[in-house]
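Novice: Since the structure of chain A is already known, use the hints to place chain B on it.
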Amino acid sequence: MSVPLLQIHDLSASAGGTPVLHGVSLEVNAGEVHAIMGPNGSGKSTLAHVLAGRPGYLITGGTVRFDGADLLALPAEERARAGLFLGFQYPVEIPGVSNAYMLKAALNARRRHLGEQDIDAFDFLNLVRGRMRTMHIDDALLTRGVNEGFSGGEKKRNEILQMLVLEPRLALLDETDSGLDIDALKIVGQGINSLRAADRAVVVITHYQRLLDYVVPDQVHVLARGRIVRSGDRDLAVELERRGYDWLLEAAAASA
Amino acid sequence: MSALERILSEFGSAAATAPARLAAAESLRAHGLPTRRDENWRYANLRSLEAVRSFLPAPEPTVSPALPPALPGFSRLVFIDGHPQAEYSLPDAALLASLRGGVARARATAPLPLAAAGDGRLGLIARMFAPDPLTLHVSGRLALELVLIATGSAGGNYLDLEVQLAAGAQLDLVERHLGSAGPTAMSCVQLDLRLAEHSQLTHTRLLQCAPDALYYDTLAVTVAADGDYRLRQVAAGGQTTRSTAEVRLSGRDARVQIRALATAHGPQVCDALFTVLHEAPGTRSDQLFRGIASERAHVACSADVQVAPSAKGARVLQSLRGLIDGAGAEVDLRPRLTINTDEVQAAHGATTGRLDEDLLFYLLSRGLSPGDARSLLKWAFLAEALNAIDLPPLRRDAGLAAAARLADIPATELLQ
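Chains as they are written, first to last, in the numbering used here: chain A, 1 to 256; chain B, 1 to 416.
Be a bit skeptical, because a hint or two may be false.
To be verified - Facing chain A, from chain B, some residues (calculated, C-beta under 10 Å):
id, residue
1, Leu288
2, Ser365
3, Ala383
Claimed, not checked - The following label-pair restraints were derived from C-beta to C-beta distances:
id, chain 1, residue 1, chain 2, residue 2, range
4, B, Gly371, A, Leu58, 23 to 31 Å
5, B, Ala346, A, Asp120, 26 to 34 Å
6, A, Glu148, B, Ala346, 43 to 51 Å
7, A, Trp247, B, Leu317, 53 to 61 Å
8, B, Arg36, A, Asp120, 37 to 45 Å
9, B, Gly32, A, Leu58, 57 to 65 Å
10, A, Arg133, B, Ala86, 54 to 62 Å
11, A, Gly149, B, His348, 19 to 27 Å
12, B, Asn387, A, Leu58, 51 to 59 Å
13, A, Ser178, B, Leu317, 30 to 38 Å
Stated by the list, open to error - Calculated from the model, a selection of chain B residues having no Cβ within reach of chain A, i.e. all distances over 12 Å:
id, residue
14, Val344
15, Arg366
16, Gly367
17, Ala380
Simulated from the structure, these hints should not be mistaken for laboratory data.
All C-beta atoms, glycine included, are put in the ideal place defined by N, C-alpha and C.
Chain A extracted, bound-state conformation (with noise of 0.2 Å):
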């Protein structure tokens, strides 16, 4: 039996001395998407920060394997260049810095993470057109700052386009549904959908069950108060889309 590419045990975690996260266990295997649920402050955004090694979290307890290795272990870039990728529910602006060129930076420090030359020029300007036509950006973004001045819309589908280009081995998407229109939300389920493989895995997080109408879950976990306290397949999405979070928050509490 293959072992999980995503192994979370008993992860305890506290931001600003606040525990958020209280012992959460979670497996994802190649070639599986997961969603995770849950309401405001259940601490679903915290998970995927801590995974990607943002500072100003303290793991206070459990255990994350990612690939075999010890997650925790890495700085942020380095799971990154392992292939973590973070696609951020608020992605900021960088004016100054293309997004040609933060998207080659990224790019080759995956390359040479593994063993693989810098990309060609021309190669690279192929590969992101390519990507920029799926998740339909136009060219000229490529040449203005990180996300500087880009709708909403525009800076979700440039992180899906983002990880496209990257190819990794594990994606943590925090809320790139939220914010989009019908259309824009099918551009990006589409994006998501592109990636997936047998050796990749995807994590969706998400409030809402419409991004699952288009990027179809093999699991959906419910996180509330810090701890999952329901999976399923997709079905459950379909009942918490009915009939909300109460009734799990409750059945959790009174089970705890």
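Specialist: Same frame as chain A, but now just chain B:
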């Protein structure tokens, strides 16, 4: 002896007779050198003046300079250790000869540099000692590059230049300062720019002095009605760099746009004062400064805008930002806005801080190393000022000069 006493003593020994030099010396004797007790000089490194061994002009050079590639379409004047070099000037020596002719006509009655009793005092030293004061009259269009190279020979490197633009004239003026006279000699520049009605001057200054250089400049600009002055200044060199600029918008609808950046590291001190005087209706000023102090360097910028009662309808924009990138680094920004009339539109802001942790994490999360990520963000911080330089080769040189202070930033790719 103090620096002032030595300056005056050495000037006396030179037995100068030109009225402009004598008047400058008299003014300096009367008003003295600025000190850190002067509000506009609080952050300047004036102690380095005491270390100057001799204020007399450096002798004629004997070395051949390494010149940067010529800018396409530009005439060029080369100064080595303050001495104009006809043989390196482009298109030929005739331009230099015509400038010298201008001196003979104009200097006998030339007024003293800006506020000789105040912030223009260091400019007086250049006026006293510059071996070959020059005056340039521009009518029509001209693109001119001044390359000023210090080679390290004993003595001061001085430039005293007046530029007069006729009505409707257009000038692209590029000023590059390269090399160093060493930590015990100074480079001192006095520029006096006068823009007549409807004239336009784009003035790009690259201060690419060597790390041990002492550099002081004084810039006085007067802009008549509908004149347009654009200053792009990149200070990326020198142990001590002080720029003192005063722009007087004296005619209706006169305009100035300033885009300045400074990077300093190690023990360097880079200080600038930009004063804009709105004296006529409809005048506009737009100032932007970006400064990065790394390690234990000190970057300072004072931006003083004064709107006179006569300047109704003036518009003022001012944006100063500083980035502190070292435990011992310091950035001091001092925006000052004095408005003495109604109907003025003004917006100004000044912020100093460290690199944004959110931006840093974003780049790390894409696999960039912490060093590259920090360099990139510093680059981004400077980009707005840098991108105001229109000429691509010049923007590239300015970027490379600034980037040299930003660790391993891959500037050549960023500038593509």
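Novice: Now look at each hint and say whether the structure bears it out.
Specialist: Hints, verified against the model:
1. Restraint check, Leu288/B versus chain A: the minimum CB separation of about 13 Å is more than 10 Å; hint violated.
2. The beta carbon of Ser365/B is positioned within 10 Å of a beta carbon in chain A (closest approach about 5 Å), and the interface hint is therefore held.
3. Because the smallest distance between the Cβ of Ala383/B and any Cβ of chain A comes to about 3 Å, under 10 Å, the interface hint for this residue holds.
4. Between Gly371/B and Leu58/A the beta carbons are some 25 Å apart, a value that agrees with the proposed interval 23 to 31 Å.
5. At roughly 51 Å, the beta-carbon separation of Ala346/B and Asp120/A lies outside the given 26 to 34 Å, and the hint is violated.
6. Checking the proposed 43 to 51 Å range against Glu148/A and Ala346/B shows it is violated: the Cβ atoms sit about 26 Å from each other.
7. Taking the beta carbon of each, Trp247/A and Leu317/B are about 57 Å apart, inside 53 to 61 Å as hinted.
8. In this structure, Arg36/B and Asp120/A break the distance hint of 37 to 45 Å, their C-beta atoms being roughly 55 Å apart.
9. Distance hint for Gly32/B and Leu58/A: a CB-CB separation of about 59 Å, consistent with the stated range 57 to 65 Å.
10. A hinted range of 54 to 62 Å for the beta carbons of Arg133/A and Ala86/B is consistent with their spacing of about 59 Å.
11. The beta-carbon spacing between Gly149/A and His348/B, approximately 23 Å, falls within the hinted interval of 19 to 27 Å.
12. In this structure the supplied range 51 to 59 Å is violated for Asn387/B paired with Leu58/A, their Cβ-Cβ distance being about 41 Å.
13. Here the CB-CB span from Ser178/A to Leu317/B is close to 35 Å, well matched to the stated 30 to 38 Å.
14. Separation of Val344/B from chain A is adequate, the least Cβ-Cβ distance of about 29 Å exceeding the 12 Å criterion.
15. With 12 Å as the threshold on Cβ separation, the claim that Arg366/B sits away from chain A is violated: the shortest Cβ distance comes to roughly 4 Å.
16. Distance check for Gly367/B against chain A: the nearest CB is about 4 Å away, which does not clear 12 Å, and the non-interface claim fails.
17. Once the 12 Å rule is applied to beta carbons, Ala380/B is inconsistent with being away from chain A; the minimum gap is 3 Å.
Hints 1, 5, 6, 8, 12, 15, 16 and 17 from the earlier list are contradicted by this structure; the remaining hints agree with it.
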